[in-house]
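Asker: One-letter residues, chain by chain:
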Amino acid sequence: MFAYLTKRLIALCLSLAIASLVIFLVVEVAPGDPASYMLGINAQPDTIAALRSELGLDVPKHQRYLNWVGGMLVGDFGTSYTYRSPVSDMVADRLWISLPLAIMALCLSTIIAIPAGVLAASRRGKMADAGVMTATQLGVAIPNFWFAMLLVALFAIKLRWFPSGGFPGWDNPVKALIALTLPAVALALPQAAILTRVMRSSLIDILGEDFMRTARAKGLTRRQALWRHGLRNALIPVLTIIGLQFSFLLAGAIIIEQVFYLPGLGRLVFQSISQRDLIVVESVVMLLVFAVITVNFIVDLTYALADPRLRRSA
Amino acid sequence: MNRNLIVGLVLTCLFIAAACVSFVWTPENTESMNISARLQPPDAVNWLGTDHFGRDLLSMVMVGARTSIAVALVAVGIGMGFGVPLGLAAAAAQGGMLDELISRLNDLIFAFPSLVIAILITAVFGAGAINAIIAIGVFNIPVFARLSRGAALSLWQREFILAARTAGKSATRISVEHILPNIANLLIVQGTIQFSLGILAEAGLSYVGLGAQPPLPSWGRMLADAQTMVSLAPHVAIVPGMAIVLMVLGLNLLGDGLRDALDPRLQVRRA
Chain A
1 MFAYLTKRLI
11 ALCLSLAIAS
21 LVIFLVVEVA
31 PGDPASYMLG
41 INAQPDTIAA
51 LRSELGLDVP
61 KHQRYLNWVG
71 GMLVGDFGTS
81 YTYRSPVSDM
91 VADRLWISLP
101 LAIMALCLST
111 IIAIPAGVLA
121 ASRRGKMADA
131 GVMTATQLGV
141 AIPNFWFAML
151 LVALFAIKLR
161 WFPSGGFPGW
171 DNPVKALIAL
181 TLPAVALALP
191 QAAILTRVMR
201 SSLIDILGED
211 FMRTARAKGL
221 TRRQALWRHG
231 LRNALIPVLT
241 IIGLQFSFLL
251 AGAIIIEQVF
261 YLPGLGRLVF
271 QSISQRDLIV
281 VESVVMLLVF
291 AVITVNFIVD
301 LTYALADPRL
311 RRSA
Chain B
1 MNRNLIVGLV
11 LTCLFIAAAC
21 VSFVWTPENT
31 ESMNISARLQ
41 PPDAVNWLGT
51 DHFGRDLLSM
61 VMVGARTSIA
71 VALVAVGIGM
81 GFGVPLGLAA
91 AAAQGGMLDE
101 LISRLNDLIF
111 AFPSLVIAIL
121 ITAVFGAGAI
131 NAIIAIGVFN
141 IPVFARLSRG
151 AALSLWQREF
161 ILAARTAGKS
171 ATRISVEHIL
181 PNIANLLIVQ
191 GTIQFSLGIL
201 AEAGLSYVGL
211 GAQPPLPSWG
221 RMLADAQTMV
231 SLAPHVAIVP
241 GMAIVLMVLG
251 LNLLGDGLRD
261 ALDPRLQVRR
271 A
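So the sequences go chain by chain: A and B.
Here the first sequence is numbered in my numbering, starting from 1 and rising by one per residue.
Here the second sequence is numbered in my numbering, starting from 1 and rising by one per residue.
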């Protein structure tokens with residue numbers, strides 16, 4: 001296990017290092033100088049030079065990369081060019097919207113997918129199965145931002161049950177949760193469809209196993225065997241996908257936040273792009289990549305813990 | 001023929017035909033505005049209604065299909081063009097340095113949240129269809145590389161490949177002449193899946209203003225324009241959205257149908 005862990009940790013660090021380099025390089029080649037952009041077209045060259053020096057843009061590129069990475073390692077993401085406030089504070093503020101949104105969407109997709117998948121697998125080939133499978137086909141084909149628009153039209157504009165956008169802050173948690181409900185539903189839809197399919201196929205595989213037959217031979221009813229032995233075993237691959245989905249939900253919220261005008265990480269990225277606040281763009285994208293890579297790593301690790309064969313093959 | 005295949009084929013062909021026809025004919029010109037006829041619901045003249053500039057939505061959907069299909073198709077081409085040779089080379093190297101390098105690179109690209117990076121690429125290099133193609137295409141490369149490597153690896157152990165090796169054929173010739181035709185089925189099925197994902201990705205990028213730029217119509221842009229009008233004229237949002245759903249659904253069904261039709265094991269089971 002130790003050798004496996006070391007190998008995976010080295011791979012994790014290498015991935016993060018390469019990811020940071022790629023993000024830095026992509027942002028570096030962006031046309032336009034942040035200092036000139038901030039000061040406008042009438043700025044004097046010496047004023048621009050002074051601001052460049054203040055922002056740390058006058059040092060060589062490799063030095064800037066090292067400063068950026070070194071800073072991030074100790075939690076310092078630099079200072080926003082536009083707002084002149086620490087990027088880490090801005091990210092922390094926005095994370096309080098994006099993170100609960102991703103968690104809500106994840107819970108919702110799990111709550112929908114597990115019963116739907118169990119229903120489809122236990123009624124394989126019957127009407128219920130066909131209904132669930134058709135719904136999942138539609139679920140993966142519907143763009144979540146379009147679904148979000150339809151939800152707004154129906155539940156916010158017509159029925160007035162939910163706000164159509166914006167975020168009231170966490171001072172009133174009930175209002176905040178209500179504001180996040182429609183975005184979470186929109187975000188959860190495609191994920192629920194994927195998860196339902198995984199749940200269904202995993203349970204179908206398990207239902208054909210010898211131990212399930214043994215359970216039935218022991219005198220358990222179909223339902224008892226399904227709940228006591230089938231579901232527990234079928235959940236292993238489903239949990240893996242749930243783990244992977246979390247990071248995708250965090251990243252996928254970028255577009256949904258645009259639909260609902262939620263001041264989360266996604267809107268921060270778009271605002272920063274339009275204001276050429278490159279340090280914020282770099283840091284937020286790196287944070288999202290970090291979340292995805294780390295979650296993948298944890299999922300791999302838990303899988304290896306559960307299945308010794310993976311440790312040996314590595 | 002199975003039902004998925006037929007429905008998928010019909011839907012896909014319908015949109016591809018609409019896109020092709022739009023090069024020579026659309027019911028109305030998509031670049032001319034007619035403000036007096038704006039936000040008209042579907043009627044006998046404008047079958048799918050008009051948008052906020054009074055443009056015919058059916059014509060917009062037809063021309064938009066061109067953008068979506070072109071972006072997604074070229075992105076699949078990039079993925080296959082780079083990914084398949086890389087996967088075949090990795091499989092031919094069979095555990096060597098090259099295999100290890102390609103596999104690790106694949107893992108790395110897979111680990112990136114594709115949407116975030118696509119947004120980063122298009123934002124940095126400028127919004128537009130070409131950059132959207134590159135951003136989507138890059139993430140198709142590891143998908144095809146991994147698929148072709150896995151499939152090719154198992155083929156390398158087969159007798160007919162051994163025979164070709166004994167006959168003195170090089171690894172490149174074996175990969176092209178024997179392995180590639182044998183994994184073509186898998187690649188076609190995966191191609192349709194990536195095609196549908198490309199349509200969704202293009203729509204998402206266009207929706208946030210990073211895909212195809214006006215005056216070129218695209219389904220994602222049409223949805224972005226419709227956002228503030230959804231309560232006034234719901235059809236403006238429903239029409240492009242349904243176009244995306246039906247196109248993606250068609251491709252997914254086509255992929256499922258092709259997998260069933262092309263997989264000999266499933267055919268044996270059916271027989």
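Do not rely on the hints blindly, as some may be mistaken.
Pairs of lysine to any residue, SDA-like flavour, derived with a Cα cap of 20 Å [said to hold, decoys possible]:
#, chain 1, residue 1, chain 2, residue 2
1, A, K7, B, G96
2, A, K7, B, P234
3, A, K7, B, L98
4, A, K126, B, R3
5, A, K158, B, R104
6, A, K158, B, T228
7, A, K7, B, I188
8, A, K61, A, L25
9, A, K61, B, V124
10, B, K169, B, R158
11, A, K7, B, L39
12, A, K175, A, L108
13, A, K158, B, L98
14, A, K158, B, F110
15, B, K169, B, P234
Rather than coming from a laboratory, the hints here were simulated on the basis of the structure.
Asker: Decide, hint by hint, whether the structure agrees.
Answerer: Outcome of the hint check:
Taking the CA atoms of K7 (chain A) and G96 (chain B), the gap is about 18 Å. The hint holds against a cut of 20 Å. For the hint pairing K7 (chain A) with P234 (chain B), the CA-to-CA distance comes to about 54 Å; that exceeds 20 Å, so the pair is violated. Simply put, K7 (chain A) and L98 (chain B) have alpha-carbon atoms about 19 Å apart, close enough for the 20 Å limit, and the pair holds. Only pairs whose Cα atoms come within 20 Å are accepted, and K126 (chain A) paired with R3 (chain B) is accepted, the gap being roughly 17 Å.
About 51 Å separates the Cα atoms of K158 (chain A) and R104 (chain B), which puts this hinted pair outside 20 Å; it is violated. Distance check on the hinted pair: K158 (chain A) and T228 (chain B) sit about 14 Å apart at the alpha-carbon level, within 20 Å; holds. The suggested pairing of K7 (chain A) with I188 (chain B) is violated, with an alpha-carbon distance near 35 Å, which exceeds 20 Å. The suggested pairing of K61 (chain A) with L25 (chain A) holds, with an alpha-carbon distance near 9 Å, which does not exceed 20 Å.
A C-alpha spacing of about 17 Å is found between K61 (chain A) and V124 (chain B), which places the hinted pair at or below 20 Å, so the restraint holds. Under the criterion of a C-alpha separation no larger than 20 Å, the hint pairing K169 (chain B) with R158 (chain B) is consistent with the structure, at around 15 Å. For the given pair, K7 (chain A) sits about 60 Å from L39 (chain B) by alpha-carbon distance, which is inconsistent with the 20 Å threshold. For the hint pairing K175 (chain A) with L108 (chain A), the CA-to-CA distance comes to about 18 Å; that is within 20 Å, so the pair holds.
For the hint pairing K158 (chain A) with L98 (chain B), the CA-to-CA distance comes to about 59 Å; that exceeds 20 Å, so the pair is violated. Proximity of K158 (chain A) to F110 (chain B) is assessed by CA-CA distance (about 41 Å); at most 20 Å being required, the pair is judged violated. Pair hint K169 (chain B) plus P234 (chain B) does not hold up; C-alpha atoms about 62 Å apart against a cutoff of 20 Å.
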